[in-house]
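Peer 1: Full structure from sequences and hints, please.
Protein chains: 2
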Amino acid sequence: MFETAELGAKISREAFDAAAEKLRLALLALQDRLREANFPVIVLFAGVDGAGKTESVNLINEWLDPHWIVTRAYEDPSQEESERPSFWRYWRDLPKSGQIGLFLSGWYSRPILWRVYGEIADADFNYRLDHIKTFERLLADDGALILKFWMHLDKKGQKKRLKALEADPLQSWKVGKQDWRNWRHYKSFIDAAGHAIRRTDVSHARWTIVDGSDERHRSLTVLQTLHDALVRQLAERQAKKPAAKLKARTAPKASVLSALDMTQALDKPTYERDLQEARADLAVLAREAHARGISSVALFEGWDAAGKGGAIRRVAAALDARHRQVVPVAAPTDEEKAHHYLWRFWRHLPRAGHMLIYDRSWYGRLLVERVEGFARPEEWERAYAEINDFEDQLLHHGMVLAKFWLHITPEEQYKRFQERDSVAYKKWKLTDEDWRNRAKWDAYEAAVHEMVERTSSAAAPWILIEGNDKNFARIKVIRSLADRIRQRLARS
Amino acid sequence: MFETAELGAKISREAFDAAAEKLRLALLALQDRLREANFPVIVLFAGVDGAGKTESVNLINEWLDPHWIVTRAYEDPSQEESERPSFWRYWRDLPKSGQIGLFLSGWYSRPILWRVYGEIADADFNYRLDHIKTFERLLADDGALILKFWMHLDKKGQKKRLKALEADPLQSWKVGKQDWRNWRHYKSFIDAAGHAIRRTDVSHARWTIVDGSDERHRSLTVLQTLHDALVRQLAERQAKKPAAKLKARTAPKASVLSALDMTQALDKPTYERDLQEARADLAVLAREAHARGISSVALFEGWDAAGKGGAIRRVAAALDARHRQVVPVAAPTDEEKAHHYLWRFWRHLPRAGHMLIYDRSWYGRLLVERVEGFARPEEWERAYAEINDFEDQLLHHGMVLAKFWLHITPEEQYKRFQERDSVAYKKWKLTDEDWRNRAKWDAYEAAVHEMVERTSSAAAPWILIEGNDKNFARIKVIRSLADRIRQRLARS
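These protein sequences, in sequence, are chains X and R.
Numbering that gives the first Met the number 0 applies: residue 0 is where the first sequence begins, and numbers increase by one.
Numbering that gives the first Met the number 0 applies: residue 0 is where the second sequence begins, and numbers increase by one.
The set of hints was computed from the structure by calculation and includes no laboratory data.
Careful, some of the hints might be misleading.
[Stated by the list, open to error] For lysine-lysine, the following DSS-like pairs were computed, each having C-alpha atoms within a straight-line distance of at most 27 angstroms: (1) K469(X) with K336(R); (2) K469(R) with K21(X); (3) K173(X) with K267(R); (4) K428(R) with K267(R); (5) K95(X) with K155(R); (6) K336(R) with K336(X); (7) K155(R) with K9(R); (8) K425(R) with K21(X); (9) K425(R) with K95(X); (10) K21(X) with K428(R).
[What the hints assert, rightly or not] From the structure, some residues in chain X lie toward chain R, with a derived Cβ separation under 10 angstroms: (11) L24; (12) D31; (13) R32; (14) W67; (15) E74; (16) E79; (17) D167; (18) Q170; (19) A320; (20) V328; (21) A337; (22) R350; (23) Y413; (24) A423.
The C-beta atom is built at its ideal place from N, Cα and C for all residues, glycine as well.
Peer 2: Dropping the structure here:
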């Protein structure tokens, strides 16, 4: 697959200059249009050392308006980065709509090098590549334009280039021992890269293999490819797309939720006793998790007035304030709106040993956004898989994940709305929106059923809380969370 | 000063319940009004362990709408936090307008404990306290409401409280060795705290000393104080304030800028040779700084078309892309707008060994915001001191700071505007705004003069670049930046 890129294509200065000016103008105009469009551009550079990755990034920064370009290059993860799933740092750096993000030594570099040096086996390599595919797929589905460049040199060409750099006293610092070590492993490197490229060369995130031996040829190839892709993407986005048809489907009419025994209750003395005990148990487990650097994410979803706030406060009170944080999920800020909907949840992921409590969560995509039409059907339809994958990453990193659905019956909700309306200091909790949501109970119920069905797994089950009795609900929340942590502690 | 808080004030359950409901309602209503107002609230809790700091924070979260409350508690800084000035983590966590931020173990805790255990001397303690004062002053000037609570117990009271916690099997985990160690140092602790409180008890950031022995009394005191302060602040913000009069002042008509020799130039061969040399020199120094964990901030200001972009690209190209980042400063996002204007610059501060290049910077406050009236006179007037203090923190942390002013004459600017207008691929760089700014050359010039005068110091001088000749300017930028790094490397 690299043969064409080893033919030593060249282009004369005259031909370059003639093509360059036109291309440069066209790119500037496209960048203007991109700013008005609502998608980001992700350009990733990988390849042979010395084949012009950095030079290409610099050229793009020179030709285009750098105010709308974000350049990122990666080295070994910092401590804080290591404390989160490996894609956390890429998520943080993703460009927003209208921006072009240039990534050097991005998500392919480390898996490829690990494979070359035998630090991971084929199966693990494939696992990581598939994970990359999922990541790119999710961004592309959200509208991102993704371009991947493999900057190529053959083994002789790389040697020549490294020697030339070494001979230049002004550039010799660019060549280190590791570069020569990589060069000696040229064949394994190219084999691993070839495998990676074949496995991840998909229509929404194409690889372009660039002959890196001639600077002018290489530059034109990269910029022309960027140009063409921008033209195509802008045209596609402009063409009115017919709303994607969802496959004919039967919405689940019932789920395990329907089987809950909603009459369960605890009397006050039992509650008081159990609360003390459950909280102490949770506190001990949380301290142990902190000591062992295990972090947790607990999220709370549920009907309006189901008691999320009260449950969260009781959980939080059992924990050391330095090691837990409650994040209420409200309307997104403009930065958040200019990113993938999962971006703002990645943002807050807890450090090692810390617990993050989400008051509402990414499941909003499958609940309010679905029912109210804020997300299009194809958007929320693919969110099931996106969310499952996101949670897999948390679990794979060793985090505890506890997902609570606080359930109440419509009758109980009505009672609580009435109470909120009549108790002065509770009135603020009741808004017109609550009544409007209540009117759509059936639509929400269908969405909840489907969410619970499709996003429960053995590793990340929904914990359903019978919430008609607040005492019962709170004890069950605290005990379930404690159990999730206990299971995790037992595992390692 | 703690005597009154040791009288053991109590309040009966009946009196508490009667007062509580009214207070709770009033606070909820105030919180509503706060959301509409354009200032944040910062509530800091310090004091004797066991005196109810955490409990107060939990109560505020229970009584008020937690969606507009941010709670933060601190332990020892993480690696990434240690790599920035010590206030970085507090800046990151500051509440935005409309929010209430609750801070536990905040910026007072560590200096006080350090003093108690002799890790810092009196002079250093005072230095840190003054630094805190400056921090709080800056936030208050920007409209923040700041409340500080010292939760108090006398030595006997604390012992009793710790013993009680220890005796309770459900709460004994809250008491550790360090708590008893602190208790044995009670007197030094109270002495250091008393000193800190006296030194930092100022009208815009008052301390309230709270008798922590009775839970009901303590809770009412905290919440009533918060209530009263909110009422006052909201009323004050509503009252139309007359524009603050600036002291009669003579704007500087000239500065060192006027003395620049704007005819300096480099011919092309000299430039090419010098560029190679200067870049190699900078590259070597930057790698050395990276190896030693020294980070740098380079900022670029200058007239429109003065050549900032070109200079930045040439600096960036000399540096390892993994260790530097260019941040163009554009219009603030809505999150940024809801914070102090320095917040967004704190946000990006580089990790150890990294270089951050700002294309425009916090000096916008003293330039465009001043001239265009985006900042009120009293706002930009106090910004000189705020900025000097901010930069002091960077320097104190050991960072390299290089501030470039790219200077051109009005004639040269006119020439460049014309050129941009006529060269197709440069046209995007020229906007109507550039012409409008040009028309205000005199006002901008006065602002520049004053900025250079008032924010240059031996440690953070403005580096003035004679920019009429681009070759000369670029070489001087690269060499000056290299010199700044060299000086820093020589120091340690």
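Peer 1: With a cut-off of 10 angstroms, does the beta carbon of L24(X) approach a beta carbon of chain R closely enough for the hint to hold?
Peer 2: L24(X) check passes; min Cβ-Cβ to chain R is 5 angstroms, inside 10 angstroms.
Peer 1: For a C-alpha distance cap of 27 angstroms, please report whether K21(X) and K428(R) respect it.
Peer 2: holds, 17 angstroms
Peer 1: Are K336(R) and K336(X) close enough, with their CA atoms no more than 27 angstroms apart?
Peer 2: holds, 16 angstroms
Peer 1: Run the distance test for K425(R) versus K95(X): straight-line Cα separation, threshold 27 angstroms.
Peer 2: The hint holds at about 25 angstroms.
Peer 1: With the threshold set at 27 angstroms, check whether the alpha-carbon distance from K469(X) to K336(R) stays at or below it.
Peer 2: Roughly 40 angstroms separates the two Cα atoms, so the pair is violated.
Peer 1: Holds or violated: K425(R) with K21(X), Cα cutoff 27 angstroms?
Peer 2: Distance ~12 angstroms between K425(R) and K21(X) Cα, so the pair holds.
Peer 1: Have a go at the A337(X) hint: is there a Cβ in chain R nearer than 10 angstroms to its own Cβ?
Peer 2: With Cβ-Cβ at 9 angstroms, under 10 angstroms, it holds.
Peer 1: Just to be careful: measuring from the Cβ of Y413(X) to every Cβ in chain R, is the smallest value less than 10 angstroms?
Peer 2: violated, 22 angstroms
Peer 1: Regarding the hint that D167(X) lies at the interface with chain R, is the smallest CB-CB distance below 10 angstroms?
Peer 2: Because about 9 angstroms separates D167(X) from the closest Cβ in chain R, which is inside the 10 angstroms limit, the hint holds.
Peer 1: Against chain R, with CB atoms and a cut of 10 angstroms, does the hint on Q170(X) hold up?
Peer 2: holds, 7 angstroms
Peer 1: For the pair supplied as a hint, K173(X) and K267(R), confirm whether the alpha-carbon distance does not exceed 27 angstroms.
Peer 2: Holds, at roughly 26 angstroms.
Peer 1: Would you check the hint for K95(X) and K155(R), treating anything up to 27 angstroms between C-alpha atoms as holding?
Peer 2: Not satisfied, since the Cα-Cα distance of roughly 57 angstroms exceeds 27 angstroms.
The earlier numbered hints that this structure contradicts are 1, 5, 13, 23.
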